[in-house]
Amino acid sequence: MKKLFPLFALFILACSNDNSEQIVNMYSQRHYDVDQLQYDNFEKITGIKVNVIKANADELIQRMRNEGENSPADLFITVDVGKLWQASEMDLLQKYNDESLTEGITKSLTDPNGFWVPVTYRSRILVYSNERVQESDLSTYEDLANEKWKGRLLVRSSSNSYNQALLSSLVANLGEEVTQNWTEAVVSNFARDPKGNDRDQVKAIAAGQGDVAIVNSYYIGLLLSSENEEEVNAGKSISVFFPNQGDGQRGSHINVSGVALAKNAPNKSNALKLIEYLTSDEAQEIYVNNTFEYSVKPNIDPNDIVKEWGAFRKDPLDLNMLGSKRNEAIRIFDSGGWK
Amino acid sequence: MNVKLLTSLISLFLIVPLLYLVYSVVGLNFENFTYLWNNLLLGYSFNTLYLIFLTVFFSLILGIVPAWFISTRNFRGKSFFDVVLFLPLAIPSYIIAFTYSDILSYTGPIQSIFRNNYPELYKYVNLDYLQIELLGFLMALVLYPYLYTACRISFSLLGSNYINIAKNLGMSQFQTFFKIIIPISRVSIFSGLFLIIMEVLNEYGAVKYFGVNTFTSGIFRSWYSMQDINTASILAVCLLTIVSLFFILERYTSSKYRYNYKSNDSVSGNYTTNKFSALYIYIICLFPFLLGFFIPVIYIINNVFKTINIIDFRELLTLSFNSFFLAAISSIVIVFLAILFQFIKKISKSKIVFFFSEIVSLTYALPGAVIALSLILLLAFISKITGISIVFGSLIILIYAYVMRYMAVGISPLRSSFEKHPESFDDTGKNLGMNNFTLFKKIHLPINKTSIYIAFILCFVDIIKELPITLILRPFNFDTLAVKTYEYAIEEMIAKSSIYSLIIILLGAVLLIFLRRIINKSLDVS
Numbered sequence: 134m135k136k137l138f139p140l141f142a143l144f145i146l147a148c149s150n151d152n153s154e155q156i157v158n159m160y161s162q163r164h165y166d167v168d169q170l171q172y173d174n175f176e177k178i179t180g181i182k183v184n185v186i187k188a189n190a191d192e193l194i195q196r197m198r199n200e201g202e203n204s205p206a207d208l209f210i211t212v213d214v215g216k217l218w219q220a221s222e223m224d225l226l227q228k229y230n231d232e233s234l235t236e237g238i239t240k241s242l243t244d245p246n247g248f249w250v251p252v253t254y255r256s257r258i259l260v261y262s263n264e265r266v267q268e269s270d271l272s273t274y275e276d277l278a279n280e281k282w283k284g285r286l287l288v289r290s291s292s293n294s295y296n297q298a299l300l301s302s303l304v305a306n307l308g309e310e311v312t313q314n315w316t317e318a319v320v321s322n323f324a325r326d327p328k329g330n331d332r333d334q335v336k337a338i339a340a341g342q343g344d345v346a347i348v349n350s351y352y353i354g355l356l357l358s359s360e361n362e363e364e365v366n367a368g369k370s371i372s373v374f375f376p377n378q379g380d381g382q383r384g385s386h387i388n389v390s391g392v393a394l395a396k397n398a399p400n401k402s403n404a405l406k407l408i409e410y411l412t413s414d415e416a417q418e419i420y421v422n423n424t425f426e427y428s429v430k431p432n433i434d435p436n437d438i439v440k441e442w443g444a445f446r447k448d449p450l451d452l453n454m455l456g457s458k459r460n461e462a463i464r465i466f467d468s469g470g471w472k
Numbered sequence: 003m004n005v006k007l008l009t010s011l012i013s014l015f016l017i018v019p020l021l022y023l024v025y026s027v028v029g030l031n032f033e034n035f036t037y038l039w040n041n042l043l044l045g046y047s048f049n050t051l052y053l054i055f056l057t058v059f060f061s062l063i064l065g066i067v068p069a070w071f072i073s074t075r076n077f078r079g080k081s082f083f084d085v086v087l088f089l090p091l092a093i094p095s096y097i098i099a100f101t102y103s104d105i106l107s108y109t110g111p112i113q114s115i116f117r118n119n120y121p122e123l124y125k126y127v128n129l130d131y132l133q134i135e136l137l138g139f140l141m142a143l144v145l146y147p148y149l150y151t152a153c154r155i156s157f158s159l160l161g162s163n164y165i166n167i168a169k170n171l172g173m174s175q176f177q178t179f180f181k182i183i184i185p186i187s188r189v190s191i192f193s194g195l196f197l198i199i200m201e202v203l204n205e206y207g208a209v210k211y212f213g214v215n216t217f218t219s220g221i222f223r224s225w226y227s228m229q230d231i232n233t234a235s236i237l238a239v240c241l242l243t244i245v246s247l248f249f250i251l252e253r254y255t256s257s258k259y260r261y262n263y264k265s266n267d268s269v270s271g272n273y274t275t276n277k278f279s280a281l282y283i284y285i286i287c288l289f290p291f292l293l294g295f296f297i298p299v300i301y302i303i304n305n306v307f308k309t310i311n312i313i314d315f316r317e318l319l320t321l322s323f324n325s326f327f328l329a330a331i332s333s334i335v336i337v338f339l340a341i342l343f344q345f346i347k348k349i350s351k352s353k354i355v356f357f358f359s360e361i362v363s364l365t366y367a368l369p370g371a372v373i374a375l376s377l378i379l380l381l382a383f384i385s386k387i388t389g390i391s392i393v394f395g396s397l398i399i400l401i402y403a404y405v406m407r408y409m410a411v412g413i414s415p416l417r418s419s420f421e422k423h424p425e426s427f428d429d430t431g432k433n434l435g436m437n438n439f440t441l442f443k444k445i446h447l448p449i450n451k452t453s454i455y456i457a458f459i460l461c462f463v464d465i466i467k468e469l470p471i472t473l474i475l476r477p478f479n480f481d482t483l484a485v486k487t488y489e490y491a492i493e494e495m496i497a498k499s500s501i502y503s504l505i506i507i508l509l510g511a512v513l514l515i516f517l518r519r520i521i522n523k524s525l526d527v528s
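So the sequence lines, in the order shown, correspond to chains W and P. Numbers in the numbering used here are just positions in the first sequence, counted from 1, shifted up by 133. Numbers in the numbering used here are just positions in the second sequence, counted from 1, shifted up by 2.
Be careful, since some hints might not be right.
Stated by the list, open to error - Okay, the calculated beta carbon distance ranges per label pair:
hint, chain 1, residue 1, chain 2, residue 2, range
1, W, Gly470, P, Gln175, 28 to 38 Å
2, P, Glu122, W, Asn263, 14 to 24 Å
3, W, Arg265, P, Tyr120, 21 to 31 Å
4, W, Gln169, P, Leu247, 20 to 30 Å
5, P, Leu14, W, Pro449, 26 to 36 Å
6, W, Ser321, P, Asn118, 30 to 40 Å
7, P, Phe278, W, Asn263, 34 to 44 Å
8, W, Glu310, P, Asn304, 47 to 57 Å
9, W, Gln155, P, Tyr52, 24 to 34 Å
10, P, Asn128, W, Glu232, 52 to 62 Å
As the list claims (entries may be wrong) - A few chain P positions that, by computed beta-carbon distances, are all more than 12 Å from chain W:
hint, residue
11, Leu14
12, Phe222
13, Leu288
Derived by calculation from the structure, the hints in this document are not laboratory data. Note that the Cβ used here is the ideal one computed from N, Cα and C, for glycine as well.
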């Protein structure tokens with residue numbers, strides 16, 4: 134045992150950070166393999182090393198809040214823009230104050246308050262069974278409350294932040310009362326209690342447990358490019374539908390994966406360089422082809438699989454509403470019985 | 003330095019999360035709680051109780067029955083079963099949940115085989131498997147070993163007397179089991195169940211995936227999604243109260259009922275085994291091992307081979323080292339502190355030390371994330387008043403949090419061991435002129451050696467599986483096997499996560515086999 138102690142001490146020391154080099158500290162909700170690829174690429178170009186802690190967005194927010202002024206965080210990156218709004222509300226972020234950072238980025242995707250910069254976006258869409266549903270049966274999110282969908286809808290739990298963001302957008306667009314009624318009607322149309330993740334909903338359609346599911350767009354890309362043949366088959370048994378595309382309708386709900394400067398960022402200039410890199414054409418190409426998300430720059434095409442679903446109109450709502458309407462949305466989920 | 007003061011101080015540092023909770027409930031706002039009460043609390047409570055009921059029910063069957071047969075029969079392969087029945091404990095509950103969901107899912111092997119080869123039978127396997135009943139069963143599959151071990155020790159130590167008396171009274175095996183053995187062993191059964199219930203209350207990942215909202219999900223829903231720390235704290239205090247009740251009950255029963263154990267009086271071979279009963283004993287003993295360890299591990303190994311080309315072995319080595327060293331250091335600290343508490347408690351007979359050494363175990367009931375976040379808050383506070391800047395993501399803080407969380411696991415075996423030995427040992431030692439240190443070194447250390455090993459291994463196996471605390475408190479660029487497994491699993495990349503989970507399981511399994519041998523040897527369990 135005694136012989137092991139120097140080893141333990143060495144282990145603890147070896148894992149401490151070295152302060153002498155150029156670094157930037159990232160708190161990240163993103164934990165895809167492609168993110169590490171981006172950070173390595175960034176280090177190759179600039180010589181700045183990216184230190185990452187990956188966890189749930191809420192945990193990272195609580196951690197930053199509790200760390201206070203001494204927080205080592207430079208950047209906070211999430212896959213739900215509502216969490217960025219929340220962090221800005223909790224006074225954990227600072228404005229980036231540099232218009233050149235959002236040059237070339239679609240205007241409607243940027244933050245009017247100037248706290249966060251969008252990196253990618255995704256849509257929460259409908260997928261339907263090729264066998265049991267006609268494309269013409271589908272129209273809007275609002276229509277999912279229609280009785281014709283009784284026992285046919287599939288979706289994951291209301292504790293999932295993508296669902297919370299979707300409902301926040303409905304509260305913002307339609308008001309609380311309409312959203313409340315919508316929720317109750319949709320819950321009564323569920324094929325089963327909410328459970329599993331987005332891919333499980335697609336599999337449930339393939340298995341015949343339901344006909345229409347609400348899922349994030351990129352999961353379909355991941356299913357179709359899976360190495361498991363059965364998953365590819367499941368992906369092929371459904372089609373993608375972008376809701377609310379008709380004349381006078383607002384467009385499909387989207388959510389942004391965005392990045393923001395932490396309030397007391399110790400390496401601010403390095404952090405700004407990383408934001409610049411992540412929104413560069415080079416980095417955007419890497420994102421769209423690995424995660425099947427959409428680029429925030431109109432000049433970068435989606436991946437071929439995604440392109441096949443066609444272009445769609447985006448809901449132009451101020452994305453901060455996805456955070457500011459969150460509490461109302463959750464209360465509606467609870468009282469409406471969406472588990 | 004006054005030892006009583008020292009232990010009390012250390013305990014205070016270990017119950018910080020509890021203090022933090024009490025602090026945050028002061029001046030709380032009941033408006034949100036009323037909302038929670040009206041909408042959700044009933045459902046949360048029902049789900050929590052139902053899940054506990056299911057897990058306990060399945061654990062009782064999976065744990066007690068094999069323990070009974072192995073303790074009272076002689077049959078070929080008995081020692082093999084005695085080892086392997088312990089192994090499912092090495093598998094974290096979130097891994098068993100994700101693995102079985104994958105096996106049973108629409109795109110998994112079972113449904114695919116039926117769909118492609120026996121379409122007429124497909125409708126019988128095409129089911130919605132994500133049900134609370136399956137979750138309870140899966141959790142029981144990896145938690146029953148707590149009960150199995152407790153029962154195994156208890157049944158063996160009872161000696162053959164009780165069974166012989168029952169035979170003379172003309173009782174059948176069935177009657178003997180239910181009327182004598184179970185009532186006599188209830189203390190052990192309860193202590194095993196206590197650990198199982200704690201684990202169920204704590205579980206978050208698997209529960210969320212199955213869409214089951216428990217108390218713990220309620221805490222996170224209030225705290226994270228609604229930024230409502232008040233309500234989260236109230237829920238956590240409710241949880242803590244329930245656990246404290248179980249805890250007191252367990253302590254009460256174990257102090258009230260003490261039976262004389264006669265060791266070296268073997269019960270095995272008490273009942274004869276014919277060919278037919280041998281067959282069903284094999285089936286009963288194989289069942290928990292097959293479902294709880296063999297099948298998931300084979301499935302995981304198969305996935306490892308599928309992904310072997312993309313495995314980064316250098317990274318794997320680093321992660322294994324990280325996991326191993328973290329678990330080892332933390333377990334050593336826990337065992338050291340647990341021994342200190344028990345020893346000081348014994349020699350000082352101080353009520354304060356007794357109180358603290360009991361209360362530090364309660365932290366085990368809190369979800370890891372609550373512990374981690376309250377620790378950050380405390381450190382930020384200390385840093386503010388002292389002006390010392392604290393690096394939050396450091397291994398020392400991570401280890402500190404593990405120690406808080408798993409103190410109960412280390413204390414539990416040591417407590418029973420220390421309590422078992424008569425106080426006359428200490429008096430004799432003192433009469434021989436030993437000071438406290440020599441008394442400890444010459445007497446307490448040697449006689450409690452077995453439980454020290456047990457405490458260390460149980461802590462190690464638990465910490466290597468740990469997830470929420472590691473996620474929140476780890477330093478930059480620092481991953482463990484558990485973290486990596488989880489990151490892939492929640493993105494439904496089960497195949498990619500398999501190599502990491504395999505190493506967690508193997509590390510745990512090796513230690514558990516070792517532990518089994520220590521227990522059997524020291525207790526002379528037959």
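Going through the hints against the structure:
1. Take Gly470 of chain W and Gln175 of chain P: their Cβ atoms lie about 50 Å apart, and the range 28 to 38 Å is violated.
2. Between Glu122 of chain P and Asn263 of chain W the beta carbons are some 23 Å apart, a value that agrees with the proposed interval 14 to 24 Å.
3. Range check, Arg265 of chain W to Tyr120 of chain P: about 23 Å between beta-carbon atoms, so the 21 to 31 Å window is met.
4. The supplied range of 20 to 30 Å is broken by Gln169 of chain W and Leu247 of chain P, whose beta-carbon atoms lie about 47 Å from each other.
5. Leu14 of chain P and Pro449 of chain W have their C-beta atoms about 55 Å apart, which leaves the hinted 26 to 36 Å range violated.
6. Under the hint 30 to 40 Å, the C-beta atoms of Ser321 of chain W and Asn118 of chain P, about 36 Å apart, fit the expected range.
7. Between Phe278 of chain P and Asn263 of chain W, the C-beta spacing of about 54 Å breaks the proposed range 34 to 44 Å.
8. For Glu310 of chain W and Asn304 of chain P, the Cβ-Cβ distance of about 53 Å falls inside the hinted range of 47 to 57 Å, so the restraint holds.
9. Between Gln155 of chain W and Tyr52 of chain P the CB atoms are about 54 Å apart, so this pair departs from the stated range of 24 to 34 Å.
10. Distance hint for Asn128 of chain P and Glu232 of chain W: a CB-CB separation of about 55 Å, consistent with the stated range 52 to 62 Å.
11. A cut-off of 12 Å between C-beta atoms confirms that Leu14 of chain P is not in contact with chain W; the least separation is 20 Å.
12. Distance to chain W contradicts Phe222 of chain P as a non-interface residue, since its nearest Cβ pair spans about 8 Å, not more than 12 Å.
13. Interface exclusion of Leu288 of chain P from chain W stands, the closest Cβ pair being 30 Å apart, more than 12 Å.
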